[in-house]
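K.L.:
As given, the protein sequences belong to chains A and B, one line each in that order. Residues in the first sequence are numbered from 1 upward in steps of one, following this note's numbering. Residues in the second sequence are numbered from 1 upward in steps of one, following this note's numbering.
Mixed in with the good hints, there may be bad ones.
Identical copies look the same in the list; a pair holds intra-copy or inter-copy alike.
What the hints assert, rightly or not - Here are the simulated DSSO-like cross-link-like pairs (lysine-lysine), alpha carbons at most 27 Å apart as the crow flies:
| hint | residue 1 | residue 2 |
| --- | --- | --- |
| 1 | Lys-489 | Lys-500 |
| 2 | Lys-500 | Lys-473 |
| 3 | Lys-312 | Lys-174 |
| 4 | Lys-465 | Lys-413 |
| 5 | Lys-489 | Lys-153 |
| 6 | Lys-174 | Lys-162 |
| 7 | Lys-413 | Lys-350 |
| 8 | Lys-489 | Lys-461 |
| 9 | Lys-461 | Lys-210 |
| 10 | Lys-210 | Lys-350 |
| 11 | Lys-312 | Lys-153 |
| 12 | Lys-162 | Lys-461 |
| 13 | Lys-500 | Lys-290 |
| 14 | Lys-153 | Lys-351 |
| 15 | Lys-413 | Lys-210 |
| 16 | Lys-364 | Lys-174 |
| 17 | Lys-481 | Lys-500 |
| 18 | Lys-294 | Lys-153 |
Calculated from the structure, these hints are not laboratory results. Every value quoted in this text rests on a predicted model; they were computed, and no experiment measured them.
2 protein chains.
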Amino acid sequence: MSTSRPKEVFQEISPADFFYRNRDIAGFSNPSRAIYSAIRELTENSLDACEVHQIPPDIYVRLSVEGETPQLVSAPPEEGEEEEEAKPFPGVRTYTLRVADNGSGVPAEFIPSAFGQILYGSKYQMRQMRGTFGLGGKMAILYGQITTHRPAKITSSTGNDKIHVFEIMTDIQKNRPIILGSDKLENERGWHGTIVEFSIEGDYIRAMPKLLEYFKQTAMVTPYANVTFVDPDGRLYRFIRATTKMPQPPKEILPHPYGVDVETIRRIINVTDAEDMMDFLTTHFHRVGKSIAKRFLDATEIDPAENPTELKPQEIVSLVQAMKNFGGFLPPDASVLSPLGEDLLEAGIKKELNPEFIAVETRKPSAYSGFPFIVEAGIAYGGDVPRTGSILLFRFANRIPLLYDEASDVTYKVIHTTMNWNRYKVAQDTPLALVIHICSTKIPYKTVGKEFIADRPEVEKEILKAVREVSRKLASYLTRKESIERERKRIDVFSRYLPKIARFSTELAGRKKEPDINPLLRSLIRYAKETRKRPRLDEEEERDDNQ
Amino acid sequence: MSTSRPKEVFQEISPADFFYRNRDIAGFSNPSRAIYSAIRELTENSLDACEVHQIPPDIYVRLSVEGETPQLVSAPPEEGEEEEEAKPFPGVRTYTLRVADNGSGVPAEFIPSAFGQILYGSKYQMRQMRGTFGLGGKMAILYGQITTHRPAKITSSTGNDKIHVFEIMTDIQKNRPIILGSDKLENERGWHGTIVEFSIEGDYIRAMPKLLEYFKQTAMVTPYANVTFVDPDGRLYRFIRATTKMPQPPKEILPHPYGVDVETIRRIINVTDAEDMMDFLTTHFHRVGKSIAKRFLDATEIDPAENPTELKPQEIVSLVQAMKNFGGFLPPDASVLSPLGEDLLEAGIKKELNPEFIAVETRKPSAYSGFPFIVEAGIAYGGDVPRTGSILLFRFANRIPLLYDEASDVTYKVIHTTMNWNRYKVAQDTPLALVIHICSTKIPYKTVGKEFIADRPEVEKEILKAVREVSRKLASYLTRKESIERERKRIDVFSRYLPKIARFSTELAGRKKEPDINPLLRSLIRYAKETRKRPRLDEEEERDDNQ
Numbered sequence: 001m002s003t004s005r006p007k008e009v010f011q012e013i014s015p016a017d018f019f020y021r022n023r024d025i026a027g028f029s030n031p032s033r034a035i036y037s038a039i040r041e042l043t044e045n046s047l048d049a050c051e052v053h054q055i056p057p058d059i060y061v062r063l064s065v066e067g068e069t070p071q072l073v074s075a076p077p078e079e080g081e082e083e084e085e086a087k088p089f090p091g092v093r094t095y096t097l098r099v100a101d102n103g104s105g106v107p108a109e110f111i112p113s114a115f116g117q118i119l120y121g122s123k124y125q126m127r128q129m130r131g132t133f134g135l136g137g138k139m140a141i142l143y144g145q146i147t148t149h150r151p152a153k154i155t156s157s158t159g160n161d162k163i164h165v166f167e168i169m170t171d172i173q174k175n176r177p178i179i180l181g182s183d184k185l186e187n188e189r190g191w192h193g194t195i196v197e198f199s200i201e202g203d204y205i206r207a208m209p210k211l212l213e214y215f216k217q218t219a220m221v222t223p224y225a226n227v228t229f230v231d232p233d234g235r236l237y238r239f240i241r242a243t244t245k246m247p248q249p250p251k252e253i254l255p256h257p258y259g260v261d262v263e264t265i266r267r268i269i270n271v272t273d274a275e276d277m278m279d280f281l282t283t284h285f286h287r288v289g290k291s292i293a294k295r296f297l298d299a300t301e302i303d304p305a306e307n308p309t310e311l312k313p314q315e316i317v318s319l320v321q322a323m324k325n326f327g328g329f330l331p332p333d334a335s336v337l338s339p340l341g342e343d344l345l346e347a348g349i350k351k352e353l354n355p356e357f358i359a360v361e362t363r364k365p366s367a368y369s370g371f372p373f374i375v376e377a378g379i380a381y382g383g384d385v386p387r388t389g390s391i392l393l394f395r396f397a398n399r400i401p402l403l404y405d406e407a408s409d410v411t412y413k414v415i416h417t418t419m420n421w422n423r424y425k426v427a428q429d430t431p432l433a434l435v436i437h438i439c440s441t442k443i444p445y446k447t448v449g450k451e452f453i454a455d456r457p458e459v460e461k462e463i464l465k466a467v468r469e470v471s472r473k474l475a476s477y478l479t480r481k482e483s484i485e486r487e488r489k490r491i492d493v494f495s496r497y498l499p500k501i502a503r504f505s506t507e508l509a510g511r512k513k514e515p516d517i518n519p520l521l522r523s524l525i526r527y528a529k530e531t532r533k534r535p536r537l538d539e540e541e542e543r544d545d546n547q
Numbered sequence: 001m002s003t004s005r006p007k008e009v010f011q012e013i014s015p016a017d018f019f020y021r022n023r024d025i026a027g028f029s030n031p032s033r034a035i036y037s038a039i040r041e042l043t044e045n046s047l048d049a050c051e052v053h054q055i056p057p058d059i060y061v062r063l064s065v066e067g068e069t070p071q072l073v074s075a076p077p078e079e080g081e082e083e084e085e086a087k088p089f090p091g092v093r094t095y096t097l098r099v100a101d102n103g104s105g106v107p108a109e110f111i112p113s114a115f116g117q118i119l120y121g122s123k124y125q126m127r128q129m130r131g132t133f134g135l136g137g138k139m140a141i142l143y144g145q146i147t148t149h150r151p152a153k154i155t156s157s158t159g160n161d162k163i164h165v166f167e168i169m170t171d172i173q174k175n176r177p178i179i180l181g182s183d184k185l186e187n188e189r190g191w192h193g194t195i196v197e198f199s200i201e202g203d204y205i206r207a208m209p210k211l212l213e214y215f216k217q218t219a220m221v222t223p224y225a226n227v228t229f230v231d232p233d234g235r236l237y238r239f240i241r242a243t244t245k246m247p248q249p250p251k252e253i254l255p256h257p258y259g260v261d262v263e264t265i266r267r268i269i270n271v272t273d274a275e276d277m278m279d280f281l282t283t284h285f286h287r288v289g290k291s292i293a294k295r296f297l298d299a300t301e302i303d304p305a306e307n308p309t310e311l312k313p314q315e316i317v318s319l320v321q322a323m324k325n326f327g328g329f330l331p332p333d334a335s336v337l338s339p340l341g342e343d344l345l346e347a348g349i350k351k352e353l354n355p356e357f358i359a360v361e362t363r364k365p366s367a368y369s370g371f372p373f374i375v376e377a378g379i380a381y382g383g384d385v386p387r388t389g390s391i392l393l394f395r396f397a398n399r400i401p402l403l404y405d406e407a408s409d410v411t412y413k414v415i416h417t418t419m420n421w422n423r424y425k426v427a428q429d430t431p432l433a434l435v436i437h438i439c440s441t442k443i444p445y446k447t448v449g450k451e452f453i454a455d456r457p458e459v460e461k462e463i464l465k466a467v468r469e470v471s472r473k474l475a476s477y478l479t480r481k482e483s484i485e486r487e488r489k490r491i492d493v494f495s496r497y498l499p500k501i502a503r504f505s506t507e508l509a510g511r512k513k514e515p516d517i518n519p520l521l522r523s524l525i526r527y528a529k530e531t532r533k534r535p536r537l538d539e540e541e542e543r544d545d546n547q
């Protein structure tokens, strides 16, 4: 018998085991997604490792074929094909993936765990980074292990006199790295960076279009990076940096009082040296200075002299509630964020779409649950923007291009259900593209695979405002274009018929000399010029729009 | 300064800490979703605990108000409202949630971990259950703890002479339960079941519509359960069982050879008593008997006498690849699955929508990655089905109603992009509802929040086939309806004008007696009857459809 009566078996599983069992939720759901996610996660780790220390990134990604492992089952059978007949699927192969960067490197003592242990890493701080869950790179290596049973080779140096090399695997059931070998090399040239190399089963052929799109869009928003990708056929894709000007390195941020819960407070109490509430508040919370702390304590009748370590559980709950309800805290400081900026956004869009019209907007900082965020939007019309019958959408989050699951993203919701495009002179077949970038110390992703963003009301609202702003500029442009077109036609008509009328009138009056119609024509053109200059923002519409 | 220069701090975090930090991904993204998810997850655990032992479930859910904790920030400000002005949000309150069942109960020694430790539980087996990740119920309790800082009270008995009561909290950083108190009561009546009670902050007002819909739909697909819900205003919602006939308890299933990876094989090797490959294959894999095992070993040139514990890493990889490529394994046994069945599906739809036409279809079992699954579909037309301009979609997975993120679900994709509804005589304003149920030993959810299903090609194809099947039946009905309508009009015309023609002809011919037109009329009606009986399945369309 291959089945058995159920028993209630209670067991603990390790986080590695959990994500091994549920790799779908981390973006590793099939051979094609696995290759895409693996390359993506490691590239993003590399970019993060450079940006943290403001090193202009040089990233080298190479995917090469090891062997062919035709598979059953996972191929989607063609329509009409007999489903029962399982066929080998030629796309799945074993590849070697190598990702090398010139980033800050990982200290030797952390290497085995940083690459071979789930829920271990340097991403568990509140700052704007691509990595959020500290999971993706390790999932890639883990996926390689479970499909090929081979170790990963990690080479890294922080720029000191040694380069460390480790061969590791993960004990999935224990969630611990197994070191199969290690070596130390002399670092004569002072190299710093990390090279990750491992075997992985995947389907590059199917992943290719998205993957190349991923690299292209990444290059668009990280113009300070050199990214090289060598595909399994040896084709070289190079994205050369256009600038060495780096964004400010991401700063860590203290918890904002609006974003805390009792667990946060409890943890701070466990480690604090503060001996009174005044000290406690000003030391551990984002943008809480002495005067704000005093006003807060006054308002909430908490004794400023009370020792935080002596707060009772119920008092901690009251403190959290008081923090959430106190109106006097400053909003989160957005200087820890690194938006693309309007210039970069515009340059990227121009390069990509060469549109007839472009408008960009960087919104002012906002916050959700104590996390600061900034929304940026760009709109592109005409030119090379394809007429697809829908709006072409480019989504970015902390400079990561998001290419899957567009329909689940908050931006899609805003564009396809909230926006009333008729108001902005946009019809179904208008060739239109939108670019949305969100940066935050914590992007509210809805899945571990980081493919789409949850519809947090604050985020949704900012996106809507940004989209409306650029759309209004587009509407103005389209209105002007229309009236210029109308005007052109009108002048055209006048300049065609006025001479005839002039001639006819001259003949009718028995005169010889026709009147000079040029001043009249010119006056008409002047009127047209004025039309062009007229403020085009329809105040009526504006007000209506904000109701 | 409230911000600091970044340092690369490497640390290990516990799984409890991971899900605490990233509760959005488990469905706890805001106060309204938190209440919804908490009630849903605990109800589903209760239903599972009953079904495992074929106990007709009696589930009692009570949500009562503890106190009001108005909040800032999380309220979505109205359009046009000043966003900077933070306002208390009156919907958020502290509730007590109590969920009681008559299920199998949890043995005392497992209670603290089963309710106070993440990644610990009884759901890590391969069988059809609502719970998949072993996470939801604990996330609910954890969310309660981080919002109210109060312990959860668990009361449970397996039906022996004691009832055990525990007061627990979770040490999130260590991922270990903290037992604050415990008690043993005499179990004089032999009660078995579990009662979970804890405090949680949430927004019931906003969650209410979805929550009531959740209970309604749950009752629809679990007609053997009594479910009682008492809301914070004391309103009682009762769903009484219509039958005590229970589905077969879910059976655990061995791994199918098509679904294994090297990690699975490695783990089996670690625990196996098998001393040769023949024994190894027939003992540990789903539907592998002696003759199949022999054929497999012959085809792959693996020595049947080899000791599995002596396989080298590369041999394990080859074994896995051989398993995936061997065409001779039997498909997964679907007897471990418990579909709703066509009768229940039809009854549920009738009760809910009272449609003019209904068609249901339970597809034959299929499999993806070695996991068996069955797709069921129901279509409802007319009657109380609302004319919404779109298709009303009801999604179920292992008897769980899925109410959020419809647009991300594979079913939505099938219905809105793959299906060509024109072929089925369905227009934009056709009042149409579709019900899709998928049952499997592993539902390919895309998020830990279990709200939508990934587009695994095998699953997508089965859904498409099921939808096409019921849609064809609908199309036949609509065709017949049209021709009956046409016929009715034709007969109507004849029966109105034939008497006049008869009278006129009689007068014209100078006769006295009009001819009897009734046989003529009857013959026309007979023709109409035949029309009704004509086979309505258009073979042309059918073939076209499967290309």
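K.L.:
What are the numbers of the hints the structure violates, in ascending order?
P.N.:
Hints 2, 5, 6, 8, 12, 13, 14, 16, 17, 18 contradicted; others consistent.
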